[in-house]
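These are the residues of each chain, in order.
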Amino acid sequence: MSPKKIVLRFPPQIVDRPLISTLVKDYDLMISIVKANINPYKEGSMVVELTGDPDNYNQGLDFLRDQGVRVEDLSEDIVRIMDRCTHCGACTSSCPTGALFISRPSMEVILDDEKCVVCGVCLKTCPVKAIEVNFNGKN
Amino acid sequence: MGVHRTYAEINDKIKSGKVVVVTAEEIIEMVEQKGVEQVASEVDIVTTGTFGPMCSSGAFFNFGHPSPRIKMHKVWMNGVPAYTGIAAVDAYLGVNELPEYDPLNSNYPGEFRYGGGHVIEDLVAGKSIKFEATGYGTDCYPRKKIETYINLDDINEATLFNPRNAYQNYNVAVNVSDKKIYTYMGTLKPKMGNAHYCSAGQLSPLLNDPYYRTIGIGTRIFLGGGVGYVAWHGTQHSPCGPRGENGVPLGGAGTLSVIGDLKQMKHQWLRGTSFLGYGSTLTVGIGIPIPILNEEMVRFTAVKDEDIFAPVVDYSYDYPNANGKSLGMVSYAQLKAGVIEVGGKEIPTAPLSSYVKAREIAGTLKQWIQKGQFLLGEPVQTLPSSDSEIKIKGLQEKQNF
Chain A
1 MSPKKIVLRF PPQIVDRPLI STLVKDYDLM ISIVKANINP YKEGSMVVEL
51 TGDPDNYNQG LDFLRDQGVR VEDLSEDIVR IMDRCTHCGA CTSSCPTGAL
101 FISRPSMEVI LDDEKCVVCG VCLKTCPVKA IEVNFNGKN
Chain B
1 MGVHRTYAEI NDKIKSGKVV VVTAEEIIEM VEQKGVEQVA SEVDIVTTGT
51 FGPMCSSGAF FNFGHPSPRI KMHKVWMNGV PAYTGIAAVD AYLGVNELPE
101 YDPLNSNYPG EFRYGGGHVI EDLVAGKSIK FEATGYGTDC YPRKKIETYI
151 NLDDINEATL FNPRNAYQNY NVAVNVSDKK IYTYMGTLKP KMGNAHYCSA
201 GQLSPLLNDP YYRTIGIGTR IFLGGGVGYV AWHGTQHSPC GPRGENGVPL
251 GGAGTLSVIG DLKQMKHQWL RGTSFLGYGS TLTVGIGIPI PILNEEMVRF
301 TAVKDEDIFA PVVDYSYDYP NANGKSLGMV SYAQLKAGVI EVGGKEIPTA
351 PLSSYVKARE IAGTLKQWIQ KGQFLLGEPV QTLPSSDSEI KIKGLQEKQN
401 F
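Residue numbers (this note's numbering), protein chains in the order written: chain A, 1 to 139; chain B, 1 to 401.
Bound conformation, chain B alone (with noise of 0.2 angstroms):
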């Protein structure tokens, strides 16, 4: 029969304050002492978290009208540009976006100092940015420049929107060639001189709940410091692949699509990010709580960074080309521990997710949780899981339509 759990009774649990939360990294050691079964009948909530650089993210505004209006064609916020495809006085700034006086990489290996991702730190740390807007000029929004400081406490809405974080698991860096490499996986030494993963691992949300039975569209979740929510899967979403025998997939997989008030939010926990000769990102927090609603979830969120495999891809051949190689599997608990073994060659690991950050997230989760401040909210629909058929598809180069 077994322990069954609904989201109502958890909630009433929170309410009255007699919800047990522990997090990813406790349950663990709770697991092999008492058991599933103990545990699924103790425990309400397993907190997870992840503290990574997210490069699909960004930020909806709406700055309000001026007088006289202006339909805003064209907007930077500090020197950087924001998408203004959309109505008069809404942008979107993401945070891969550079400035136009940037130099790029014509300076290789460009260091990418200031873009989209430091914008949006600026802003919820409180600070005044300048914004300038040019507009083509029409009957009913007759401006076609101006030029302001605001802050977000000035606008009026400021949404964090994010097509794709939490990635489910992903590639292990390394680089086989002769030089060193820049890229989005940080410097990579020649002849596989370091490697460089991404991961919380035992403690990132979509490896505590391999098949997304609880983490779906509706889901409440710690966004940047503040609450947001799950609002759709994330982009390149891709359940299908290998998986272990535990469920947990073998690379790269699912992804989340997050939203959230970004005046809730703070600057701790959306930190502009540089990658040396790359670009600029944001590295962004994120802890989901996963509901122990019945004996498989304990299974689930007890996962291991033992258990928990990466391939290991070289980014100076491979991966520009392609080719879906790699070059063997390693564990977390190996990446954490400082060395893999690739071919033979012993390689120092580096992270570039923090799992002391990662850590701090699932611990302020189920503080929030404990105290009675935070809800869970019940997914109004699931995610495509591995039986959904979904594949990913690369783009073909045609020559008509």
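This is chain A alone, in the form it adopts within the complex (with noise of 0.2 angstroms):
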């Protein structure tokens, strides 16, 4: 199986427990942590990638439910930060979909949301920073 990003959702009374690791000792899951904000008696969330078997990818997902995670698909999204853009059009060319493209003859740096697959490429390319990456709705 290819590797999904999901978001998970921790509630206080269980951030303390030993999750993620019974996902790969039990369900021979492997898991890369994007994003993780876990706090002590704190709701907590993280953005993971999870590869392995379909079978075993389901049934862990049903475990975390079971101790009362809440798995969420993720939706990320490209933002630009406007008054950090200097619409130098560097991004353009190493947007695989052509999301980013130059406005001619403005020479303006235009994303376009429909055509953005969120691949991150833009957020290292971008050379002064301008461009983040938005986990379900959330910065």
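Bear in mind the hints are in silico, worked out from the structure with no lab data behind them.
Computed from a prediction, not measured in an experiment: that's the story for all the values here.
Quick reminder that beta carbons are idealized off the backbone N, C-alpha and C, glycines included.
Just to be clear, a hint being listed does not mean it is correct.
Unchecked claim - Derived Cβ-Cβ restraints for the label pairs, each shown as a range:
| hint | chain 1 | residue 1 | chain 2 | residue 2 | range |
| --- | --- | --- | --- | --- | --- |
| 1 | B | Thr235 | A | Ala36 | 43 to 51 angstroms |
| 2 | B | Pro142 | A | Asp16 | 48 to 56 angstroms |
| 3 | A | Val79 | B | Asn400 | 57 to 65 angstroms |
| 4 | A | Val79 | B | Asp261 | 29 to 37 angstroms |
| 5 | A | Ala36 | B | Tyr108 | 20 to 28 angstroms |
| 6 | B | Pro142 | A | Arg9 | 55 to 63 angstroms |
| 7 | B | Glu147 | A | Ser32 | 32 to 40 angstroms |
Stated by the list, open to error - Covered by chain B, per the in silico footprint, the following chain A stretches (three or more residues, Cβ under 8 angstroms):
| hint | stretch |
| --- | --- |
| 8 | 93 to 102 |
| 9 | 114 to 128 |
Using the hints, put the two chains back together into the complex; each one sits in its own frame.
Right, here's the structure in full:
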């Protein structure tokens, strides 16, 4: 199965349980933590990329749900910080889908959300770091 | 006979509010409609602009003395080291400088998210930065360490002094190898998958005054959103290379060294910049007014993208090995249209220099002059030009003195 990104939300009562390690040990899933915010006695959240056998994947997620974890599909958005963007255009040649492009003749850089597949290449190529990614509506 | 103006005459017109200023974009159409002679009689000044990464940049600071005094031997500004081989509490921060903890390219390609250019942007934005210095202690400067926080208002002088800016034309970078490369010209895809260029073309200062007839030492300029001056010709100034019939160099040529008070600049026009796998730098906004002293200056400033050509250079082998090869010439009109053709292959292009912001700078400078806020500075000396016999030397490896 190809890697899949999901968002896990942990209620305060269960943030101290060893849940992720169970996914590895008992369900043989490979886990890459994209982003995590876990604190004692507070609701925690984690963006993870899971890879593994499809049956194990579904059973692993069922296990998390049984423990009280909310499992959501990841929706990511690429956002441009307009007062940082200089319209230099450097991002446009590395954007694989043409979502970032130069409008001619004004030479302004445009981001077409419809074409964006949130691959994240622009996050690193933008020389002035004017691009950010939002996970499920949150920065 | 034709038109002849002096700097003093133009400055009088600025003071009386009668000056006629157009941008280097606007003059193109004017000349097409009215001809050189007519435009020369109407227009006093043409404004230019450029906003691109300019690596040879940095700032001098005087931090003031703490009590007891210190001779600063090492200085860090937000963790970025500054050069202290000058007087006790003076230092120079280069925009390419990186914190000692930066993993550089050991985690290839390095991200270089924060460097000297970012420190300068933060200071100009009014932010406080962490300041650390150590000294070895002398009888007159006994202190050995200081840690504090400073902002631009706290310190005595902050002078932007850039040894090489505003390159007159530049290479178009491609990658002929079969793997992706990370360069100061951005990320280049294998097998000439993209081409990056870095000039404002028809708006760029030195492309509008190709022989430096009016841009010289003392020329007053828009620098980083404030007022600055041309201090000298820039490092690697190379005015004697090949030129087109219009006098415009066919590759990187002249450069400028510029100076100005950092305290009156704006962070929008001095932007810390990171190139993946290469390093950090500063994107600098520069605008230069070109006085229309005569008809020749109209012809120069009316230069169009289609008449400015740049060499396409391979950055996977030819450039690193300094073998001087070019894969062909393309015009800025082609580059800006988005596709160039090299050796029968169509290559998509992307700029690193913002044409949008270059236009904004030329427009801002035009407004300053029209409002009487900005007078022309007459150069006290012109820059070495195509008759200077300057040759750019490579560094030779020798075994002894």
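Legend entry - Whether the CB-CB distance between valine 79/A and asparagine 400/B falls inside 57 to 65 angstroms: holds, 59 angstroms
Inset, instruction - May I ask you to test the hint 48 to 56 angstroms on the CB atoms belonging to proline 142/B and aspartate 16/A? - result: holds, 53 angstroms
Inset, instruction - Note whether the CB distance of proline 142/B and arginine 9/A lies within 55 to 63 angstroms or breaks it. - result: holds, 58 angstroms
Inset, instruction - Take the C-beta atom of glutamate 147/B and the C-beta atom of serine 32/A, compute their distance, and say whether it sits inside 32 to 40 angstroms. - result: holds, 38 angstroms
Legend entry - Whether the CB-CB distance between valine 79/A and aspartate 261/B falls inside 29 to 37 angstroms: holds, 35 angstroms
Legend entry - Range hint compliance [Cβ, alanine 36/A to tyrosine 108/B, 20 to 28 angstroms]: holds, 25 angstroms
Inset, instruction - Starting from the hint 43 to 51 angstroms, judge whether the C-beta atoms of threonine 235/B and alanine 36/A obey it. - result: holds, 47 angstroms
Legend entry - Within 8 angstroms of chain B (C-beta), three or more residues of the stretch 93 to 102 of chain A: Holds, because 3 residues of the stretch 93 to 102 of chain A bring their Cβ atoms closer than 8 angstroms to Cβ atoms of chain B.
Legend entry - Outcome, coverage of the stretch 114 to 128 of chain A by chain B - at least 3 residues whose beta-carbon is closer than 8 angstroms to one in that chain: This one holds; 4 residues, not fewer than the three required, reach chain B with a Cβ under 8 angstroms.
In this structure, none of the earlier numbered hints is contradicted; all agree with it.
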